[in-house]
Amino acid sequence: MGVTKEQVESSLTSKLNPAHLEVIDTSGGCGASFTIEVVSEKFEGKRLLERHRVVNTALEEEMKQIHALSIKKALTPEQWKQQQESEKPKPAA
Amino acid sequence: SFRCSAALTPELKNTLDKVVTSHKVVLFMKGTRDFPQCGFSNTVVQILKSLNVPFETINILENELLRQGLKEYSSWPTFPQLYVEGEFFGGCDITVEAYKTGELQELLEKAMCS
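Residue numbers (the working numbering), protein chains in the order written: chain A, 624 to 716; chain B, 220 to 333.
If you're looking for bench data, these hints aren't it; they were derived computationally from the structure.
The reader is advised that the hints may include incorrect statements.
To be verified - Think about it this way: if two alpha-carbon atoms lie no more than 20 Å apart in a straight line, the pair counts; the simulated SDA-like pairs of lysine to any residue are: (1) Lys669/A x Val315/B; (2) Lys696/A x Lys319/B; (3) Lys628/A x Glu660/A; (4) Lys249/B x Leu671/A; (5) Lys290/B x Glu684/A; (6) Lys290/B x Arg676/A; (7) Lys696/A x Pro714/A; (8) Lys695/A x Thr262/B; (9) Lys290/B x Lys628/A; (10) Lys695/A x Val272/B; (11) Lys687/A x Trp295/B.
Stated by the list, open to error - Residues of chain B clear of chain A, computed beta-carbon distances all greater than 12 Å: (12) Leu270; (13) Glu275; (14) Lys290; (15) Ser294; (16) Met331.
Treat the numbers as computed from the prediction; the structure is a model and nothing was measured.
We put the CB at the ideal spot given by N, CA and C, even for glycine.
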């Protein structure tokens, strides 16, 4: 059985109210392995470990079946904006 | 209060307190340092080896009780789990991130000197 990408997305959406969310199923369909990027105000004032705990807690039920969860990004909206701007290609002169 | 489902008994908690402080760097992982059985565990082993610090590894695949108890002890649902000076530092993603920023090296240097 496992967990679907949609279930992971819906739990994170309802609990973290993310400004940006990307869930990638890295299991090849069996639903046991996901990579996540999430941007949420809930990370404000929290260290990386605490941010990851927030994500783990939001997925508490799903984690019983998920074998591997990789949190690639856990950013605040402000950090996300800065990162996007720095990654933006420079406009041609 | 007593919970039947609790994996983390007072005895196990006591043991874990001792294990995580038995060495400055303790890694609970899938497999051993020479034969990691999961890519995430392997990543952390390689990072620790590259930083040239002594570390102790414990194979959680060999002890289901320990595996379940640790999840509660660390409030962390997955493995590997890295402990530095008796304190939970993080899983694979956090270790990789801290390695990239130099924060891990700094912490380990401090731990080695203390």
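Evaluated hints:
1. Lys669/A x Val315/B: OK: Lys669/A and Val315/B at ~18 Å, within 20 Å.
2. Lys696/A x Lys319/B: This hinted pair holds, its Cα atoms lying about 14 Å apart.
3. Lys628/A x Glu660/A: 13 Å, holds
4. Lys249/B x Leu671/A: 23 Å, violated
5. Lys290/B x Glu684/A: Judged against 20 Å, a Cα distance of about 14 Å means the pair holds.
6. Lys290/B x Arg676/A: Holds, at about 12 Å.
7. Lys696/A x Pro714/A: 26 Å, violated
8. Lys695/A x Thr262/B: Measuring from Cα to Cα gives roughly 15 Å; hence the hint holds.
9. Lys290/B x Lys628/A: At roughly 24 Å apart (the allowed maximum being 20 Å), Lys628/A and Lys290/B break the hint.
10. Lys695/A x Val272/B: 26 Å, violated
11. Lys687/A x Trp295/B: 12 Å, holds
12. Leu270: 18 Å, holds
13. Glu275: 21 Å, holds
14. Lys290: 9 Å, violated
15. Ser294: 7 Å, violated
16. Met331: Non-interface label stands for Met331/B: nearest chain A Cβ at 21 Å, farther than 12 Å.
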